[in-house]
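Peer 1: Those protein sequences? They're chains F and C, same order as listed.
The numbering used here puts the first sequence at residues 1 to 309.
The numbering used here puts the second sequence at residues 1 to 288.
Everything labelled a hint here was simulated from the structure, so no lab data went into it.
Here a beta-carbon is modelled for each residue, glycine too, at the ideal position from N, C-alpha and C.
Please note that a few of the clues may not be correct.
Claimed, not checked - Heads up, simulated DSBU-like pairs for lysine-lysine below, C-alpha to C-alpha not over 35 Å straight-line:
#, chain 1, residue 1, chain 2, residue 2
1, C, K285, F, K224
2, F, K228, C, K285
3, F, K214, F, K228
4, F, K214, C, K285
5, F, K214, F, K224
Stated by the list, open to error - Partial chain C-side listing against chain F, Cβ under 10 Å, derived:
#, residue
6, V35
7, L36
8, V39
9, Y55
10, L129
11, F139
12, L149
13, S224
14, G229
15, W239
16, I243
What the hints assert, rightly or not - Distance ranges between label pairs, derived from CB positions:
#, chain 1, residue 1, chain 2, residue 2, range
17, C, T38, F, E43, 29 to 35 Å
18, F, E43, C, A204, 50 to 56 Å
19, C, R117, F, Y59, 18 to 24 Å
20, F, V122, C, A204, 35 to 41 Å
21, C, L46, F, V41, 52 to 58 Å
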Amino acid sequence: MIATAPVLLLVTLAAFMLVTLLPGDAVSALLASAEGLDPRVEESLRLQFGLDRPLPVRYVQWLGRLSVGDLGRSLLSRQPVLDTILARLPVTIILTAGAIFLSLAIGIPLGLLAGMRPNSLVDRFLSAFAALGVATPSFWLGILLGFVFAQSLGWLPSFGYRGPVENGFWLMAQHMLLPWLTLSAARIVEVVRQVRSGTVEIMTQDFIRTARAKGLPERMVVWKHALKNVLVPVITVTGLAVGHLLSGAVVVEVIFLLPGMGTLVVEAVLQRDFPVTQGVVLTGAVATIGASLMADALYGLLDPRIRYD
Amino acid sequence: MTDAVRSAAGERATMLRRRFLRTRTGPFFGGLLLVLITVTILAPLLAPHSPIRQYLDHTLEPPSVRFPLGTDDLGRDLLSRLLHGGRITLLAAFVSVGAATAIGLPVGMISGMLGGRGDIWIMHGVNALLSFPSVLLAFAISALIGPSLAVVVLAISIVFAPRMARFARGQTLVVRETPFVEAARATGASLRRLIFRHVLPNIAAPMLVEASLGVGYAALIEASISFLGAGIQPPRSSWGLMIKEGFGYMDSAPWVAIAPGAAILLLTLCVNVLGDTVRDVFDPKVRL
């Protein structure tokens with residue numbers, strides 16, 4: 001378990017440095033379009049932004065505002081960064097949560113299937129498929145899926161987003177199915193691998209032999225006794241994978257034109273909107289840390305042998 | 001005595017080579033990777049056309065004898081762009097993983113050998129950097145500095161260095177507890193001597209495997225940030241940029257985006273399978 005407080009502090013430091021140490025600052029980004037402007041205007045703007053103060057002072061001030069939820073304002077829309085992020089957050093959460101659900105719902109049964117009969121035809125087929133799955137660039141997969149299922153076959157809408165509140169769950173799910181599949185493909189493969197190797201190991205354990213010996217049907221042995229033990233590490237790894245998923249979500253959102261954090265940050269970065277960039281990057285890191293904390297908590301819940309003192 | 005050591009090392013090398021050849025996947029994907037690297041290095045000799053020459057009366061043509069993989073929207077030969085783009089993608093992947101290892105390996109070894117408070121704070125820093133979603137961080141860095149090949153390499157290195165550091169530290173912690181390190185420490189060996197003489201030779205093999213697995217992932221990150229518009233800039237080509245360029249023509253000319261994606265898939269597949277195989281070869285518990 002990582003120590004959260006010092007890591008969070010260092011995360012804020014890194015996010016602060018990301019936009020402070022790199023060339024160009026908020027003022028020059030703001031004035032990029034206004035050429036031949038009086039240099040004194042630029043100077044007074046720098047004073048107004050507090051860019052004349054020493055770095056450590058600016059960091060502490062920024063941290064103080066951050067602690068009350070003030071992430072600054074967007075240089076483009078002048079909206080508070082926090083509001084902008086909160087407006088985009090649901091899309092990214094729906095995308096990521098759906099991908100996690102899909103990866104478990106597909107990965108666990110397939111992993112069990114392969115792990116029950118190691119080196120069988122099914123197992124070999126799945127492991128070859130897994131090697132391919134890990135190596136596939138997810139955005140390329142998304143483009144191909146969109147091409148096949150939306151453009152050629154016309155089974156699904158190829159892009160756009162329909163909120164679940166206004167349009168109902170099914171219309172939302174139709175629009176999200178391809179993004180979910182794209183984002184979860186690599187995770188499905190990971191889950192299959194992990195469940196497979198866990199199952200292979202568990203099936204040789206004494207308690208499985210005991211369960212069989214007392215006459216339990218095989219179904220019960222697998223789904224109740226084996227699965228319970230296999231799932232614990234899967235939960236942890238899923239928690240640790242949230243960072244990866246958020247990375248993937250950036251590209252997937254761009255391909256399928258989903259108005260989430262990914263499209264927000266791509267627009268912000270390309271237009272040098274520093275406060276928004278910083279806000280999204282920071283949110284991504286905090287979400288990653290939060291997910292691994294949650295995984296730790298679940299881990300303790302599922303395995304009573306683990307206690308955090 | 002030195003002769004005995006030398007012949008033991010020689011025997012071990014022979015044994016490892018035999019184990020490697022016994023796996024069917026190792027030599028196959030290793031050979032494929034060599035072919036891939038060779039054709040991209042020889043791109044200027046092998047490419048049938050210039051990668052930036054625009055045949056404007058041959059835009060978006062399907063594969064033919066003259067253009068074996070077809071042409072893109074500006075009438076550029078896709079095979080030539082693929083070969084030249086591969087040089088950039090492979091260069092970016094190998095150099096950035098190399099740089100990340102050069103930074104991460106010493107940091108991880110020092111952190112692991114130091115222990116105590118120094119170790120704890122170095123690892124806090126490493127964990128903080130690892131909390132940022134990798135594509136997001138690499139994209140932000142390269143877009144904010146200004147897109148170019150060097151910046152892409154720098155961005156991927158920054159993303160990868162903490163990974164390598166954490167891995168090196170984990171390996172170091174294992175070696176640190178072995179009797180020979182303890183003995184060396186007892187004779188008063190300096191930290192530098194301990195690290196270079198005892199830790200490094202013993203963690204080199206797993207580090208190499210980890211780095212080779214990183215190459216595939218680095219290629220994926222390069223592709224992602226070029227796809228998002230903050231990587232390699234046209235008219236140069238990289239595999240990620242080619243997918244971006246083909247993305248808009250999926251309905252009329254799907255081959256434009258399919259070829260570079262397949263190339264990335266092939267590269268990553270070779271590197272991953274090879275890395276896994278080498279790991280098994282070095283692991284005496286795995287029967288081959």
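Peer 1: Now tell me, hint by hint, if it's right for this structure.
Peer 2: Status of each hint after checking the structure:
Distance check on the hinted pair: K285/C and K224/F sit about 30 Å apart at the alpha-carbon level, within 35 Å; holds. At roughly 27 Å between alpha-carbon atoms, K228/F and K285/C fall within 35 Å of each other, so this suggested pair holds. For a cut-off of 35 Å, the pair hint linking K214/F to K228/F stands: about 19 Å separates their Cα positions. Annotation: proposed proximity of K214/F to K285/C holds, straight-line Cα distance about 33 Å (limit 35 Å).
Using a Cα cut-off of 35 Å, the hinted pair K214/F and K224/F holds, with the two alpha carbons roughly 14 Å apart. Contact between V35/C and chain F, as hinted, is not supported at the beta carbon level, the nearest pair being about 17 Å apart and thus beyond 10 Å. A cut of 10 Å between beta carbons decides the hint on L36/C: the least distance to chain F is about 13 Å, and the hint is violated. Proximity of V39/C to chain F is violated relative to the hint, the smallest CB-CB distance being about 19 Å (cut-off 10 Å).
The closest approach between the C-beta of Y55/C and any C-beta of chain F is roughly 25 Å, which is over the 10 Å cut-off, so the hint fails. Interface restraint check for L129/C: the shortest CB-CB distance to chain F comes to about 6 Å, inside 10 Å, so the restraint holds. Taking 10 Å as the C-beta contact cut-off toward chain F, the hint placing F139/C at the interface holds, the least distance being around 6 Å. Interface hint status for L149/C: violated, as the beta-carbon distance to the closest one in chain F is roughly 17 Å, over 10 Å.
Because the closest C-beta pair between S224/C and chain F is about 5 Å apart, less than 10 Å, the hint holds. Interface restraint check: G229/C against chain F, minimum CB-CB distance 6 Å, threshold 10 Å, status holds. With a least beta-carbon distance of about 9 Å to chain F, the hint placing W239/C at the interface is held under the 10 Å criterion. At its closest, the beta carbon of I243/C sits 6 Å from a beta carbon of chain F; the interface hint therefore holds under the 10 Å criterion.
Here the CB-CB span from T38/C to E43/F is close to 57 Å, at odds with the stated 29 to 35 Å. A beta carbon spacing of about 55 Å between E43/F and A204/C agrees with the range 50 to 56 Å that was offered as a hint. Hint check: R117/C to Y59/F, Cβ distance near 23 Å, so the stated range 18 to 24 Å holds. In this structure the supplied range 35 to 41 Å holds for V122/F paired with A204/C, their Cβ-Cβ distance being about 38 Å.
The supplied range of 52 to 58 Å is met by L46/C and V41/F, whose beta-carbon atoms lie about 56 Å from each other.
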